[in-house]
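These protein sequences, in sequence, are chains R and U.
Count the first sequence with the working numbering and you get residues 7 to 390, in order.
Count the second sequence with the working numbering and you get residues 23 to 482, in order.
Hint data in this document are derived by calculation from the structure and do not stem from the laboratory.
Every value quoted in this text rests on a predicted model; they were computed, and no experiment measured them.
Do not rely on the hints blindly, as some may be mistaken.
[Claimed, not checked] In silico BS3-like links for lysine-lysine, alpha-carbon gap of 27 Å or less: (1) R/Lys136 / R/Lys224; (2) R/Lys62 / U/Lys60; (3) U/Lys68 / R/Lys342; (4) U/Lys288 / U/Lys335; (5) U/Lys68 / R/Lys368; (6) U/Lys139 / R/Lys342; (7) U/Lys353 / R/Lys8; (8) U/Lys139 / R/Lys311; (9) R/Lys65 / U/Lys60; (10) U/Lys144 / R/Lys273; (11) R/Lys65 / U/Lys68; (12) R/Lys178 / R/Lys167; (13) R/Lys311 / U/Lys144; (14) U/Lys144 / R/Lys342; (15) R/Lys65 / U/Lys32; (16) U/Lys104 / R/Lys62; (17) R/Lys311 / U/Lys335.
[As the list claims (entries may be wrong)] Non-contacting residues of chain R with respect to chain U, defined by C-beta distances greater than 10 Å in every case (computed): (18) Glu102; (19) Glu163; (20) Lys311.
Positions of the beta carbon are idealized from the N, C-alpha and C atoms, including for glycine.
Listed below, chain by chain, are the residues.
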Amino acid sequence: MKYADIVHRCFRCGYCKFTSDYTDFNCPTYRKFRFETYSPGGRMWLIRAWLNDEIKNSKRFQEILFSCATCANCVEHCVFTFSEDLVNIFISAREEMVNEGIIPPPVRDYLKNIKINGNPYKEPAAERGKWAEGIPVETYSDQEFLFYVGCVGSYDERAKKIAKAVGGLLLKAGLSIGILGDKENCDGNEVRALGEAGLFQFLAEQNIASFRDLGVKKIITLDPHAFNVFKNDYPGLGGKFEVYHYTQVLAPLIQSGKIPLKECNIKVTYHDPCYLGRHNGEYNAPREILNAVPGLELVEMERSKGNAFCCGGGGGNFFTDILGGGEDSPARIRVKEALDTGAEIIAVACPQCAKMLDDAIKSEELDDRLAVKDVAEIVTDCLF
Amino acid sequence: MNDIAQSLTKIVGEAYFSDQPEEAYFYARDPGLMPPHKPDYVVVPKRVEEIQEIVRLASREKIPIVPMGAGLALTGLVIPLKGGIVIDMKRMNGIIEVNEGGRYVIVEGGTSQGLLKAYLEKNYPRLRHSIPDSPATATIAANVMIHGQGRLTQQYGFNSDMISGLEVVLASGETCRIGSCAISPDWFSKGAPMPDLTGLFLGWFGATGIITKVAVKLYPRKKLRDVEIFITDREDLIPAMVYELTHTEMVEDINVFAQPKPMIFKDNHHITMFLTGDTDEEIEFKRKMIWHALDGFIKSKDGGFMGVPPVMKPTLLETPQRSVSRFADVKRGGGFEYSGPIIMVDKYAACIHKVIELGEKYDLGYSGMARIIGRSHAMMYGFAFTFNRADPDMMDRTRKALHEVSEFALEAGGIFWKATVDEQKMAMAKMDPNTLGLMKMIKENMDPNGIMNPGNWEVD
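Next up, chain R with everything else stripped away, as it sits in the complex (with noise of 0.2 Å):
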């Protein structure tokens, strides 16, 4: 296993289960499980014992691994000089459990999934460019940037409205962009952090000779996830392009008022996602795009930017749910301390957050109170 000869190396100190202020346990799973396998330290006394033969991949083996958001709280927060490395162990892992070909059902169904169908939702990759019907935008073919929507954006009904939103307000501040449409595929991001190493790299080539056969330089990515991959991932496949986050392009648009708001008295808190906030630095963006809504009031969480608790959606959990529901999951948690602000609207900016928080407020029945908007519908919604 990649990574074997650092393994070896956690003190399981327990730094990593923390935020940088102690103000909570900010790991997602063990927030939820409690146990101490669950933790990042757990992970890793655990990864070795299995190399060393002295655990089995079992069910519960595979629910510690498979359960990790992915959310890198514990490479920010671990005290060693290998933290960078924790996410990536934990990966390779996965990785040698599915070479194993002993992973958890929804895990193999989902890889299942993309591999025959190139989405996790079982839909024809003719539904893909449906998110825009009713805006005119065009197929990429020479414009200056590709709007990559992904999976989500391009299947999930909630995740749909918010792809349209940003590709709206792109269109209003007069970029050249275009999109994929039918020809989008999945772009390998949580392929790649179940531990589908092969499939990844298939996935990845493909796309990056798609790109390259339309020549595309620029892209525009809806979800943190496809942001990651392109930014951090592709490159090392040969795919270099410019990748940004749409609050990336939308924040200096907007600053220079090529997008005018009108005020919108709105008191607002915004959940950092973990791909574009602790994985990639991008704290400011969005908290720029929404400090520029004349009457919007932005009040933090407790627990932000760096320690920001994950809302329990990477790592593939999103469409794998094995971090799972409950009073204690981490998107309930996110929606109480979103509560605690005062706020009215949740601010995010991944279609996988919204949903997962969507369905937080649900449970945790506080519609009438809370409600979660995209930093784009926001912006929408404030257009004059």
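Starting from the known structure of chain R, arrange chain U on it as the hints suggest.
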């Protein structure tokens, strides 16, 4: 699933019960060097009533129970030596009450040091507790249980001296309140002026009861905090220097460290003094008092103040100091263990000579660190060795070095802090027989079935 597993599941809920190999593996060991031993079950209860039921079940079925905080003592205190049930306390992490005027806080038995620190900083910025340098996940209850030390130990003694009340679950499953809280709603005294019963539980490592609530005293948090370092190559003068410093009563905390690497530290001893104040004037006054206290040593050219580099200050001023954990990976091996006997300050030179001798003898990375307890009443001297967890030979050499430390410490008049089972045996072998008899009587009466963390403090 057997009857015991079913009963435990019923008590804590399915999600918080495990008899699986993964938990058995993990909870069989701590980060130190003690041999592992697997529990049969691990549970993570939420309420005192659940612990009471677990203890009653264990008592009925004669199953060992081991309460566990973060398991960071490194000396195997929560390794279930005879199997049974490990009770991971960390789901009971509430802060029950802060009495601002009376300067105390009541927390649950699994509340972490980090959580309390964050809570006080946010809600009571003028109050603090004596936070140790163990990782932030270490629990307050376990720390006082082992007579831990913290940032305020030089001023107020062991962290266990700062207890102002306990709630414990006895081996019978009954809860019992210790201190003023036994007869009053207020948790301001651990015993005085009544009989102090905390000694029936502290230092026993759970062998007499399980702490489910603890009240600790809080102290003024000053607005400013700074650090000074006095360097000397005269280890024989350290006790005199510390004596002068403690006489000023101006210092928050005093640590003395010596280590061979980096080169800048080699062959020197660094007295690290932390100062607090509400104003610059207060800090400067204290700084002057400290300088005056050590003036004679400067004049005799036996030492001097080192300008603390700006890059070093945040590391030193951080609480807890994350750098302490980083020591574990000096050899890129994730291992670190220390023996920390409580010993007279006048043994400082002998201690540092010993740690150097053992580091060289066993070819180990080492560090020596003293934390002054009280006004030079004693010190915890940490003989710390770092090892590579993937190198069995190095681990074995570390064990041997630590064993030699134990023998040395006892010989030098010290007593073991968070004693390993072997150290417990060494201590009991040397102990006044009447004291030993008293311990035996207490243990037998408080734990008649021998189910409470068995293997620890067992008098033959």
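Verification of the hints:
1. R/Lys136 / R/Lys224: holds, 23 Å
2. R/Lys62 / U/Lys60: holds, 16 Å
3. U/Lys68 / R/Lys342: With Cα atoms ~20 Å apart, U/Lys68 and R/Lys342 stay inside 27 Å; holds.
4. U/Lys288 / U/Lys335: holds, 19 Å
5. U/Lys68 / R/Lys368: Between U/Lys68 and R/Lys368 the Cα gap is close to 26 Å, so the pair holds against 27 Å.
6. U/Lys139 / R/Lys342: Within the cut-off at roughly 22 Å; holds.
7. U/Lys353 / R/Lys8: Holds, at roughly 20 Å.
8. U/Lys139 / R/Lys311: The given pair, whose Cα atoms are some 21 Å apart, holds under the 27 Å limit.
9. R/Lys65 / U/Lys60: holds, 20 Å
10. U/Lys144 / R/Lys273: holds, 23 Å
11. R/Lys65 / U/Lys68: Satisfied, since the Cα-Cα distance of roughly 25 Å is no more than 27 Å.
12. R/Lys178 / R/Lys167: Judged against 27 Å, a Cα distance of about 16 Å means the pair holds.
13. R/Lys311 / U/Lys144: The hint holds at about 18 Å.
14. U/Lys144 / R/Lys342: holds, 19 Å
15. R/Lys65 / U/Lys32: With a Cα-Cα distance of about 22 Å, the restraint between R/Lys65 and U/Lys32 holds, given a limit of 27 Å.
16. U/Lys104 / R/Lys62: holds, 24 Å
17. R/Lys311 / U/Lys335: holds, 25 Å
18. Glu102: holds, 16 Å
19. Glu163: holds, 31 Å
20. Lys311: About 16 Å separates R/Lys311 from the closest Cβ of chain U, which puts it past 10 Å; holds.
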